[in-house]
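As given, the protein sequences belong to chains A and B, one line each in that order. Quick note: my numbering has the first sequence finishing at residue 359, numbered continuously throughout. Quick note: my numbering has the second sequence finishing at residue 359, numbered continuously throughout.
Don't read these hints as lab results, they were simulated from the structure. Beta carbons: idealized from backbone N, C-alpha and C, even for Gly. It cannot be assumed that every hint is accurate.
What the hints assert, rightly or not - Calculated Cβ distances over 12 Å to all of chain B for the following chain A residues: (1) Ser94; (2) Ala146; (3) Leu322.
Unchecked claim - DEER-style ranges, computed between Cβ atoms: (4) Gln55/B / Ser176/A: 44 to 54 Å; (5) Gly334/B / Leu38/A: 50 to 60 Å; (6) Leu38/A / Ala220/B: 54 to 64 Å.
2 protein chains.
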Amino acid sequence: MKVSELGEFGLINLLAKMVEGSQDRRFASWQQLITGIGDDAAAWQGDTSIQLATVDSLIQDVHFSLGIVSWEDLGWRSMAANLSDIAAMGGIPKYALVSLALPEQTEVDDVTALYQGMIGLAQQFEVAIVGGDVSRAPLVAITITILGSTGSRDNILTRSAAMPGEQIAVTGYLGAAAAGLEMLTRELQFDPEVTACLKRGFLRPYPRVAEGQLLVEHGVKAAIDISDGLISDLNHICEASQVGARIEVDRVPVEPAVATSFGDKSLELALSGGEDYELLFTGRPDVISKVRKAIPCLITAIGEVVADKGGVVLLNSKGSPFHLNKAGWDHFATG
Amino acid sequence: MKVSELGEFGLINLLAKMVEGSQDRRFASWQQLITGIGDDAAAWQGDTSIQLATVDSLIQDVHFSLGIVSWEDLGWRSMAANLSDIAAMGGIPKYALVSLALPEQTEVDDVTALYQGMIGLAQQFEVAIVGGDVSRAPLVAITITILGSTGSRDNILTRSAAMPGEQIAVTGYLGAAAAGLEMLTRELQFDPEVTACLKRGFLRPYPRVAEGQLLVEHGVKAAIDISDGLISDLNHICEASQVGARIEVDRVPVEPAVATSFGDKSLELALSGGEDYELLFTGRPDVISKVRKAIPCLITAIGEVVADKGGVVLLNSKGSPFHLNKAGWDHFATG
Numbered sequence: 025m026k027v028s029e030l031g032e033f034g035l036i037n038l039l040a041k042m043v044e045g046s047q048d049r050r051f052a053s054w055q056q057l058i059t060g061i062g063d064d065a066a067a068w069q070g071d072t073s074i075q076l077a078t079v080d081s082l083i084q085d086v087h088f089s090l091g092i093v094s095w096e097d098l099g100w101r102s103m104a105a106n107l108s109d110i111a112a113m114g115g116i117p118k119y120a121l122v123s124l125a126l127p128e129q130t131e132v133d134d135v136t137a138l139y140q141g142m143i144g145l146a147q148q149f150e151v152a153i154v155g156g157d158v159s160r161a162p163l164v165a166i167t168i169t170i171l172g173s174t175g176s177r178d179n180i181l182t183r184s185a186a187m188p189g190e191q192i193a194v195t196g197y198l199g200a201a202a203a204g205l206e207m208l209t210r211e212l213q214f215d216p217e218v219t220a221c222l223k224r225g226f227l228r229p230y231p232r233v234a235e236g237q238l239l240v241e242h243g244v245k246a247a248i249d250i251s252d253g254l255i256s257d258l259n260h261i262c263e264a265s266q267v268g269a270r271i272e273v274d275r276v277p278v279e280p281a282v283a284t285s286f287g288d289k290s291l292e293l294a295l296s297g298g299e300d301y302e303l304l305f306t307g308r309p310d311v312i313s314k315v316r317k318a319i320p321c322l323i324t325a326i327g328e329v330v331a332d333k334g335g336v337v338l339l340n341s342k343g344s345p346f347h348l349n350k351a352g353w354d355h356f357a358t359g
Numbered sequence: 025m026k027v028s029e030l031g032e033f034g035l036i037n038l039l040a041k042m043v044e045g046s047q048d049r050r051f052a053s054w055q056q057l058i059t060g061i062g063d064d065a066a067a068w069q070g071d072t073s074i075q076l077a078t079v080d081s082l083i084q085d086v087h088f089s090l091g092i093v094s095w096e097d098l099g100w101r102s103m104a105a106n107l108s109d110i111a112a113m114g115g116i117p118k119y120a121l122v123s124l125a126l127p128e129q130t131e132v133d134d135v136t137a138l139y140q141g142m143i144g145l146a147q148q149f150e151v152a153i154v155g156g157d158v159s160r161a162p163l164v165a166i167t168i169t170i171l172g173s174t175g176s177r178d179n180i181l182t183r184s185a186a187m188p189g190e191q192i193a194v195t196g197y198l199g200a201a202a203a204g205l206e207m208l209t210r211e212l213q214f215d216p217e218v219t220a221c222l223k224r225g226f227l228r229p230y231p232r233v234a235e236g237q238l239l240v241e242h243g244v245k246a247a248i249d250i251s252d253g254l255i256s257d258l259n260h261i262c263e264a265s266q267v268g269a270r271i272e273v274d275r276v277p278v279e280p281a282v283a284t285s286f287g288d289k290s291l292e293l294a295l296s297g298g299e300d301y302e303l304l305f306t307g308r309p310d311v312i313s314k315v316r317k318a319i320p321c322l323i324t325a326i327g328e329v330v331a332d333k334g335g336v337v338l339l340n341s342k343g344s345p346f347h348l349n350k351a352g353w354d355h356f357a358t359g
């Protein structure tokens with residue numbers, strides 16, 4: 025069987041099972057592990073705090089095209105995607121390692137611009153870039169590892185803690201990143217304000233690091249960052265928590281600039297587009313209320329967690345099923 | 025300027041300077057940092073111990089060819105290369121994250137064989153694979169991050185601690201990995217014992233994790249693992265420590281099976297071949313003596329650290345300069 029037939033998530037599940045099967049519970053590393061493969065970041069019990077680690081690769085012409093992304097924006101986005109995984113655990117990012125693969129004909133100025141973008145965002149979160157490597161390769165690949173921490177075993181957000189009856193909520197607006205990509209790829213023209221918003225959404229996402237920590241502080245237990253798309257990422261929560269989810273599509277906070285520019289297509293961009301790096305989380309109604317008061321950004325309740333493990337069900341305002349063609353992003357999906 | 029003109033190490037130096045220039049000393053992450061870019065692993069002060077982190081990428085047709093390496097061996101080698109960086113800091117490896125880029129036509133069985141190789145070696149050091157990602161890509165790229173720790177600030181091996189007057193020593197024998205690669209690439213035929221030794225040297229290197237910890241315990245302060253080649257890696261120590269080095273080439277422990285099979289070329293393979301993952305370290309003669317008694321593997325003193333910053337000088341048995349054409353491995357070097 026080819027990996028394209030198994031799909032990205034099928035492959036991850038298979039590898040996770042292999043690794044799990046190899047566990048020797050006598051080893052301290054396994055004993056101290058809290059979350060392994062299958063959450064936004066790995067978490068284990070350190071000496072006095074929980075340690076977090078996450079890694080992600082961005083591959084040229086798979087995750088980005090140098091035709092539409094500047095090197096500096098690419099650096100920012102790569103760092104943002106990884107910081108967002110620490111945010112989704114409710115953690116504090118601290119250190120970054122960067123593994124860079126580059127064609128030998130790459131301009132040095134482009135590499136320094138890439139680093140400028142990474143450093144620019146890292147500094148905002150007081151994250152130090154402390155290591156990595158560079159390799160020759162026929163294409164550009166950027167792999168960033170982020171190490172972070174969080175207070176205690178109770179102070180962590182996981183994908184597996186959602187409970188039936190909880191509300192499902194999301195930070196900020198959705199759809200700008202996917203709309204920005206489409207605008208740049210198809211060279212669409214919008215008014216300057218819309219253009220700026222969509223560009224920023226796609227090229228300069230701002231990870232919800234402070235918000236993730238506030239979620240934890242106010243009693244939220246389950247979260248994920250929206251990288252694959254709202255539906256796809258909510259499905260990850262459903263699978264890990266062994267629950268189902270109902271979303272009222274009319275309540276999904278579509279970015280206004282996306283609604284203006286993409287009309288009917290804007291809901292699809294918000295539901296399936298991905299790369300917005302907002303946080304999707306669940307909590308009892310009183311927890312969501314507290315969170316709404318504590319966090320300055322928009323917090324929208326968009327549905328609820330249900331016991332029925334039927335995955336994510338979309339509903340219109342009348343409570344009837346709503347159908348969408350596209351349902352997320354699979355790295356090995358064909359077409 | 026192209027990165028090929030600047031070279032791998034020139035590029036790393038440039039990026040390290042950029043990152044250093046961006047440091048804000050008020051940030052806890054920078055205050056707690058012990059070694060950043062430019063050592064085998066990053067090290068920082070954790071709550072009660074020193075935390076270590078390292079990352080390395082292996083790129084298809086740059087670092088390996090699937091024509092001569094099986095998927096399982098590839099997994100082993102990738103894990104070995106990264107564990108070796110923790111060994112070179114005198115640390116204990118604990119957790120691994122794996123970022124995998126794969127063509128969609130890759131066989132699932134090949135990916136599981138790759139993981140089998142990684143798991144096989146990881147288990148020997150009680151290292152848990154706890155996260156990572158998989159991406160579609162036109163070629164195979166394996167990026168492994170290893171997290172580890174070591175006791176205290178004094179219990180760490182760095183590239184920058186070598187002092188004039190110290191002896192230079194190395195664990196084990198050198199040259200088998202480079203000889204193995206050459207044997208497999210050129211389809212050379214040797215007797216079964218030699219073939220097995222060279223194959224093992226190239227495909228199944230065993231990182232000196234226990235030895236690194238024993239070096240630290242017995243007072244060694246400066247070390248590096250031999251990944252680029254003895255001369256090249258010793259040059260890294262010289263630059264970081266602001267010293268020079270003299271090596272008596274006759275004392276270099278060339279792997280006997282390499283000497284048998286490659287004759288005159290064997291010294292070059294031992295000096296410049298790389299990927300042996302032995303430890304190269306420095307210490308006062310009394311420290312080297314203690315180390316020799318404490319560590320069961322071969323320990324050979326091959327030269328001394330000098331104050332003159334003239335890089336690595338090779339000497340023959342009469343103390344005259346010895347010249348070698350090839351001097352290491354630069355990822356962006358042309359030719």
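Quick rundown of the hints versus the structure:
The claim that Ser94/A lies off the interface holds: its Cβ sits roughly 17 Å from the closest Cβ of chain B, which is beyond the 12 Å cut-off. Not every beta carbon of chain B lies more than 12 Å from that of Ala146/A, the smallest distance being close to 8 Å; the non-interface claim is violated. Remark: the non-interface label on Leu322/A is consistent with the geometry, its nearest Cβ contact in chain B lying 29 Å away (cut-off 12 Å). Roughly 23 Å separates the CB atoms of Gln55/B and Ser176/A, a value that falls outside the hinted 44 to 54 Å.
Distance hint check for Gly334/B and Leu38/A: the Cβ-Cβ separation is about 54 Å, which falls inside the suggested range of 50 to 60 Å. Between Leu38/A and Ala220/B the beta carbons are some 32 Å apart, a value that contradicts the proposed interval 54 to 64 Å.
Checked against the numbered hints above, the structure violates hints 2, 4, 6; every other hint is satisfied.
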